[in-house]
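> Protein chains in written order, with this note's numbering: chain A, 1 to 350; chain B, 1001 to 1290; chain C, 2001 to 2260.
Just so you know, the hints here were simulated from the structure itself, not pulled from any lab data. Each residue gets a CB set at the ideal place from its N, CA and C atoms; glycine is no exception. It is possible that part of the hints are untrue.
The following residues of chain C were derived to be distant from chain B, with all beta-carbon distances above 12 Å [stated by the list, open to error]: (1) S2008; (2) Q2054; (3) P2076; (4) V2081; (5) I2102; (6) A2127; (7) T2140; (8) L2143; (9) T2152; (10) S2168; (11) G2172; (12) P2183; (13) L2190; (14) P2213; (15) S2224; (16) E2229.
Partial list, derived from the structure: chain A residues whose beta carbon lies under 7 Å from chain B [as the list claims (entries may be wrong)]: (17) F52; (18) P55; (19) Q70; (20) A72; (21) S73; (22) I77; (23) M79; (24) F81; (25) F87; (26) N89; (27) F98; (28) A103; (29) Y132; (30) L134; (31) G136.
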Amino acid sequence: MAFIDLTSLGKSFGPTPVVRDFDLALHQGEFVSLLGPSGCGKTTVLRMVAGFETPDSGDIRIEGQSLLRQRASQRQIGMVFQSYALFPNMTVADNVAFGLRVAKLAPAQIDKRVDEMLDMVGLAAMKGRYPYQLSGGQQQRVALARAIAPRPRVLLLDEPLSALDAKIRVALRTEIRTIQRQLGITTLFVTHDQEEALSMSDRIVIMNAGRAEQIGTPEEIYNRPTTRFVAGFIGTLNVIEGQLGTEGGTVLTCAGGRLALPGTFGASPGETLSVAVRPQSLRPAPIDGDGLRGTVRHVEFLGAFTRLHVSCGPNTLLVDCFARDLAANLSVGSQIALTVPPDEVLRLSA
Amino acid sequence: MSSLLPHRLERSLSLWLGVLPFFVFALVFLVLPTLHVVIGAFTRPDGSLTLANLSDLMSGTILSALWLSLRISLWTACLGTIGGLLVAGAVIRGGLPPALRDAVMTFSGVASNFAGVPLAFAFIATLGRLGLVTVLARDWFGINLYATGFNLTSFSGLTMAYLYFQIPLMVLIITPAIDGLRGEWRETAESLGASGVQYWRMVALPVLWPSLLGAFALLFANAFGAVATAMALTGSALSILPIILFAQIRGDVLQDPHLGYAIAFAMIALTGGANVIYIWLRLRAERWQK
Amino acid sequence: MNLKRIGSWAIFILAVIYFLLPLVGTLEFSLRARRGVYSLDAYRNVLDDPQFQQTLAYSVILSIATVILGVLIVAPTAFWVRLKMPRLRPVVEFITLLPLVIPPIIIVFGYIRLFNTSSILPLTGSARGTDFLLAAGYATLSLPYMYRAVDTGLRAIEVQTLTEAAQSLGAGWATVLARVILPNIAVAILSGAFLTFAIVIGEYVIAALLNRPAFGPYMVWMGSNRAYEPAALAVIAFGMTWASMGVIQLLARRTRFTKG
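The following block holds chain A by itself, in its conformation from the complex:
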């Protein structure tokens, strides 16, 4: 049995469904990200777990017990908001102590726990300051300390890094993950930043239009996207559409030529397919050989590699190659051929 079970959750605001048929199981101590564009329903899922929204259908269980009849204040769930939401009238220490005071812990115990938490986020020296005297990164650390001080069963993080500067964002990523591991607290993290999700999570849920498109480890999501949406959302992928044929092995006939595919590719001849190819999987090849033919439209020098924009029929393909792989006379307007190692072609379901 999983620690947290979300089963067929559904929620509509007025006539528009924002979360549809959403299933997710989290193990104890796991760090799971909900990743998707804005409006995909990820925050709504989080808010339903927290108890700020009531699902129209489905159930939320922790250790087998349904949460739906409990109010937010009874659920023992810690939450961190994008906007920090520190209480402006209280010092850092008072903010962290809030949940402990509400739970009526003994004053000595409260002091001890507050010190412990502030030590953990490295803000012991800021104890007596007010939120408006802190930087954004410091405020978010306090918010984190406040959320975990009462030892919640689950930690919910709603885009906690989005309001911060790039540098602090990266530093805080590591810090959050370290603290999460140290406490072993089951965490649900909402973000629209794929780098954040890939670098922090045990597992990622890619959400689109209220549904989970794909659930998997960061490696799975990155290397084997299963749908067109995931392929488009994670990294820069070229999506190519074509028809499956079998002359001389499995091949995909598409605009600009043909692509060799591994094995039978799990499809039957004649079928129309979408496949994804990473820019670094496309390699320039001799113009008279096999592969896709196109015209170079634009050459971008990006330091470690060069990115070509190649028009191939109606598509524009992005090709990343190292300088040594490029023909010296390549320039805008040149004809070029491209090949892909068959096992680097990813099949997409829709």
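Dock chains B and C against chain A, hints included.
Okay, now just chains B and C, sitting in the frame of chain A:
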């Protein structure tokens, strides 16, 4: 002329020329008249300095008028603060239809400027001896309002009338502060286990506190300076401090112009002090809301 | 949650009763002039009263003069401060807020003593002079509203950029003010003007103490001499205030449309 002046001086002169009319106007029609009154409060007719005018304020009629004014202003500020907070809270955070909010804000904008003669007439027409409510209470419920000790030209009547502009003013002042209470605070408090009451006691009220006190100070000043409503409502039955000053300006009833200055100075000191408190508290509140 | 909504409705309904009753009461009272039936007699008496016509006309003309004086003093200053002297802003703002702190009765008290017949500037010596003093007093009262309205209007249009753009196209100061700035803040100025009108039209204390035949003192005089006519006057005064506020709302909506 311009060729004789150094270029920079000429430039800064022409800069100041742009704001000169405003400063001259403000000096002649706002600052000097006020200063004249303030200085008058500290001088004798022959021009020598004295504190006697101010100490004369502590005599029978003036002291009781000051006391009455203070009571009316404090009382209406208090009720206005509470009433306005309740109305604003109900409209903004009470789950009422959003259209009501616009209606209430527009009405408040108008009603907060109703202080004056027509307001007094409206209350006479409503709660006077022949007023609508008085008559209806008698005819429908057999209640004689005036037998219960109520009197429109008394303290309670004046308080009723003042609230008609005090409550809307409060609604206008406190609305931004209530809007500033962020939903996340409530949600955070809840997820940390706090009940609704605990949230209000530990977060919302402490955050609103400077705004509430500041609004109270402003309402106090607003009531303290009002004259027309009281005069039109009570004639001179209720001698609040500004009415005494009015009579003094008109006919020198105190037979000492410098006593009039002293009354004026007392009024400036009180309304000015209240406003300073208001501004200071508002700055404090804004610091938090950042 | 539900309890909260019931409470909110209760508060709202109580407020509606408190705020509507005096309006209804005044209207009803104003119709009671003829015994036993509702009639418009009180209104007829008021409207036919030459005193009413004279004092109202006087107050309308005076409030127009006040608005012109106020605009002339506030608009160029607000523009100039925004454009060239931003460091003066807090000072100007402070001065414009003073009339909210100093009660009008004190300002007029100062006027009477400062501009009396034996002073350097004996404005109270003649009727015209006193009229001017009254307009100046009202313009002073309207400073907070006028300045805030104009300043908000200026903030919305990025004066600096517009002025520089016009100047780079060859416009002189007069052209910049008349053809670029004024048309863009006209709505803001009009809002300030109508608010000023609403405040000034029934003002009592200053007019009474300066002894001018204005609408406010006339209302008070009626109040102590007639029974039903004051209610009719109150209805008329409320009507004027509401009309002014209505115009301001309309103007505000129009700017919203033009901003797209």
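> All hints, please: hold or fail.
These are the hints, each one checked on the structure:
no.	hint	result
1	S2008	3 Å, violated
2	Q2054	17 Å, holds
3	P2076	7 Å, violated
4	V2081	7 Å, violated
5	I2102	6 Å, violated
6	A2127	18 Å, holds
7	T2140	5 Å, violated
8	L2143	8 Å, violated
9	T2152	15 Å, holds
10	S2168	20 Å, holds
11	G2172	14 Å, holds
12	P2183	20 Å, holds
13	L2190	16 Å, holds
14	P2213	15 Å, holds
15	S2224	7 Å, violated
16	E2229	9 Å, violated
17	F52	5 Å, holds
18	P55	17 Å, violated
19	Q70	11 Å, violated
20	A72	4 Å, holds
21	S73	5 Å, holds
22	I77	6 Å, holds
23	M79	4 Å, holds
24	F81	5 Å, holds
25	F87	5 Å, holds
26	N89	4 Å, holds
27	F98	6 Å, holds
28	A103	6 Å, holds
29	Y132	6 Å, holds
30	L134	11 Å, violated
31	G136	12 Å, violated
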